[in-house]
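There are 2 protein chains.
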Amino acid sequence: MSEPWALVDGQAGEQLSIRDRGLHYGDGLFETVRREGGRLRWFDRHLERLALGCERLGLAPPDAGLLRAEADAVASESPRAIVKIILTRGAATARGYRPRGDERPTRIVCAYDWPPAPPAEFRAGLSAVRLGINPQLAGIKHLNRLEQVLAQRAAARRELHEVLMLSSTGGAVVGGSMSNLFAWRGDALQTPPVADCGVAGIMRSLVLEAAAALGIPVRIAALPVAELSGIQSLFVTNVRLGAQPIHWYEDRRLVEDARTAQLADWVHGTPA
Amino acid sequence: MSEPWALVDGQAGEQLSIRDRGLHYGDGLFETVRREGGRLRWFDRHLERLALGCERLGLAPPDAGLLRAEADAVASESPRAIVKIILTRGAATARGYRPRGDERPTRIVCAYDWPPAPPAEFRAGLSAVRLGINPQLAGIKHLNRLEQVLAQRAAARRELHEVLMLSSTGGAVVGGSMSNLFAWRGDALQTPPVADCGVAGIMRSLVLEAAAALGIPVRIAALPVAELSGIQSLFVTNVRLGAQPIHWYEDRRLVEDARTAQLADWVHGTPA
Numbered sequence: 005m006s007e008p009w010a011l012v013d014g015q016a017g018e019q020l021s022i023r024d025r026g027l028h029y030g031d032g033l034f035e036t037v038r039r040e041g042g043r044l045r046w047f048d049r050h051l052e053r054l055a056l057g058c059e060r061l062g063l064a065p066p067d068a069g070l071l072r073a074e075a076d077a078v079a080s081e082s083p084r085a086i087v088k089i090i091l092t093r094g095a096a097t098a099r100g101y102r103p104r105g106d107e108r109p110t111r112i113v114c115a116y117d118w119p120p121a122p123p124a125e126f127r128a129g130l131s132a133v134r135l136g137i138n139p140q141l142a143g144i145k146h147l148n149r150l151e152q153v154l155a156q157r158a159a160a161r162r163e164l165h166e167v168l169m170l171s172s173t174g175g176a177v178v179g180g181s182m183s184n185l186f187a188w189r190g191d192a193l194q195t196p197p198v199a200d201c202g203v204a205g206i207m208r209s210l211v212l213e214a215a216a217a218l219g220i221p222v223r224i225a226a227l228p229v230a231e232l233s234g235i236q237s238l239f240v241t242n243v244r245l246g247a248q249p250i251h252w253y254e255d256r257r258l259v260e261d262a263r264t265a266q267l268a269d270w271v272h273g274t275p276a
Numbered sequence: 005m006s007e008p009w010a011l012v013d014g015q016a017g018e019q020l021s022i023r024d025r026g027l028h029y030g031d032g033l034f035e036t037v038r039r040e041g042g043r044l045r046w047f048d049r050h051l052e053r054l055a056l057g058c059e060r061l062g063l064a065p066p067d068a069g070l071l072r073a074e075a076d077a078v079a080s081e082s083p084r085a086i087v088k089i090i091l092t093r094g095a096a097t098a099r100g101y102r103p104r105g106d107e108r109p110t111r112i113v114c115a116y117d118w119p120p121a122p123p124a125e126f127r128a129g130l131s132a133v134r135l136g137i138n139p140q141l142a143g144i145k146h147l148n149r150l151e152q153v154l155a156q157r158a159a160a161r162r163e164l165h166e167v168l169m170l171s172s173t174g175g176a177v178v179g180g181s182m183s184n185l186f187a188w189r190g191d192a193l194q195t196p197p198v199a200d201c202g203v204a205g206i207m208r209s210l211v212l213e214a215a216a217a218l219g220i221p222v223r224i225a226a227l228p229v230a231e232l233s234g235i236q237s238l239f240v241t242n243v244r245l246g247a248q249p250i251h252w253y254e255d256r257r258l259v260e261d262a263r264t265a266q267l268a269d270w271v272h273g274t275p276a
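Which chain is which? The protein sequence lines are A and L, in order. Residues in the first sequence are numbered consecutively from 5, following our numbering. Residues in the second sequence are numbered consecutively from 5, following our numbering.
Everything labelled a hint here was simulated from the structure, so no lab data went into it. Being a predicted model, the structure only gives us computed values, none of them experimental. It is possible that some hints are incorrect.
For chains that are exact copies, the list does not tell them apart, and a pair is met inside one copy or across any two.
Computed cross-link-like contacts, SDA-like style, restricted to lysine to any residue with a CA-CA straight-line distance of at most 20 Å [what the hints assert, rightly or not]:
| no. | residue 1 | residue 2 |
| --- | --- | --- |
| 1 | K145 | R99 |
| 2 | K145 | L170 |
| 3 | K145 | G100 |
| 4 | K145 | G234 |
| 5 | K145 | A124 |
| 6 | K145 | P228 |
| 7 | K145 | L130 |
| 8 | K145 | R53 |
| 9 | K145 | P65 |
| 10 | K145 | R223 |
| 11 | K145 | P109 |
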């Protein structure tokens, strides 16, 4: 599977109309789903976040059963794969930002090879690119991702695997460019809120549940960048990486906390 | 010309690869160009802004002569048309936000019918959607336009033609969702800066030059929303509308300043 196999509105194909508002404005949503051992992991949670995104953008959510069947279909030949779902408002029926309301959403489902294992030493740094604040777009996984692209482009030049991003105003760390951030603070686990910017990651929600199940106190609280220097153990989360310890933050070696692996194990063992 | 006629990388067609990073991340730029009497208006300025966007995003700018020829070609059969240019980083060569650097930009040029004349009474209001601050993305015309889409969607429900948008922090008006804003303040003309968010409109730059040429003092300064109530005359600008007086702002009737039409005439008379 060197090429992703894709369904566009249920039809095998890899083409999209250049009139699609997903292209013109990033007017749409996406989900990145893990498929292992012949099953989609945590698909209900992906559906739930997609539904929230649809509500915010005013899109009709796709049929859940149909979407699940398509996500299974594109990856059916691989023992494990990453399935990406893109839902846009569809081809424009008029020029300009204003939706006319008669657009028909475009549904793209495609499979990607399982990514290579993460590096033995995961390096992170601080991004100079910041995240604009917009509560109406925060949390959901929409297609406006230039801030993340610019952050990752600069991270590549510094040979970093991930970069932490601050919000555009103030000095609080929101998370990684492609991940949520967790910090071990003594007995407790801390992660920043995502109400103003950032994404409410599926793995983030799973780790929060794991912590509750394992009796680890959790604090969802702003993390001023100045406090990072006093923190010995950080990890980032996304569906692909799971709970990934940061081994180096800028030039400082961090400590891997054993509880991070316990959380990851708990998450991996969850049904669905 | 009820269908736009389009060139994708120089070939007639209306399809794009679903791998295009313009779709996945809004990783690209656009320009909306006016073509009248067989010529592209202010094309050098569009090229200049596109080049700035390319620099910010790390894209190779397209050949200027080629782009001009394509923009002429798609609209050659119409006395006047709107030509839209989209330039993306191209089809992804790997999964994820990080560009690999070996992508080949996608160039889309398409023509749209000349839009209907603006309404006799142009109505504007204040948007509840705000603009996230990001100096690296401000000024340029990138493809991350969900804030504008949400603002226009809400504006449609209120039967407004345009809405003014504040930045995410503070109470300053940045501009319209699809336009730049100008206010007559006594003898002088004021327009907000676009260094933190908003677009550096081609028509905005032309109006600023017109004002200088006509001896009208100009102030580029933040416009606190609280000051709007004391302003009697506002207009918005974009390449399509030119300099469009706002007749109603929320429930208040504004006054059309005769100098607005003088500025528009000066701009219309500029060469190219």
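Under a CA distance limit of 20 Å, which applies to K145 and R53: within one copy, between copies, both, or neither?
Classified as within: same-chain Cα gap 8 Å, cross-chain 29 Å, threshold 20 Å.
Legend entry - Intra/inter-copy verdict for K145 and A124 if alpha-carbon distance must be at most 20 Å: Intra 29 Å, inter 40 Å, cutoff 20 Å: neither.
Intra/inter-copy verdict for K145 and P65 if alpha-carbon distance must be at most 20 Å: within (14 Å within a copy, 29 Å between copies)
Q) Taking 20 Å as the upper bound on the Cα-Cα distance, should K145 and L130 be classified as within, between, both, or neither? A) The answer is neither: 22 Å in one copy and 26 Å across copies each exceed 20 Å.
request  = Evaluate K145 and G100 at a C-alpha cut-off of 20 Å and name the case that applies: within, between, both or neither.
outcome  = Close across copies (14 Å), not inside one copy (23 Å); limit 20 Å.
Identical-chain pair category, K145 with R99, by Cα at 20 Å: So K145 and R99 pass the 20 Å test across copies only (16 Å; inside, 25 Å).
For K145 vs P228, is the C-alpha pair at or below 20 Å within one copy, between two copies, both, or neither?
Neither way: K145 and P228 sit 24 Å apart in one copy and 32 Å across, limit 20 Å.
- request: State whether the alpha carbon distance between K145 and R223 is at most 20 Å within one copy, between copies, both, or neither.
  value: Classified as neither: same-chain Cα gap 23 Å, cross-chain 39 Å, threshold 20 Å.
As a check of your reading, is K145 near L170 (CA-CA no more than 20 Å) within one copy, between copies, both or neither?
Intra 18 Å, inter 23 Å, cutoff 20 Å: intra-copy only.
Next on the checklist: I want to check one pair: K145 and G234. Are their C-alpha atoms no more than 20 Å apart within a copy, between two copies, both, or neither?
Outcome noted: neither (31 Å within a copy, 40 Å between copies)
*Is it within, between, both, or neither for K145 and P109, if the alpha carbons may be no more than 20 Å apart?*
within (16 Å within a copy, 24 Å between copies)
When held up to the earlier numbered hints, the structure conflicts with 4, 5, 6, 7 and 10 and fits the remainder.
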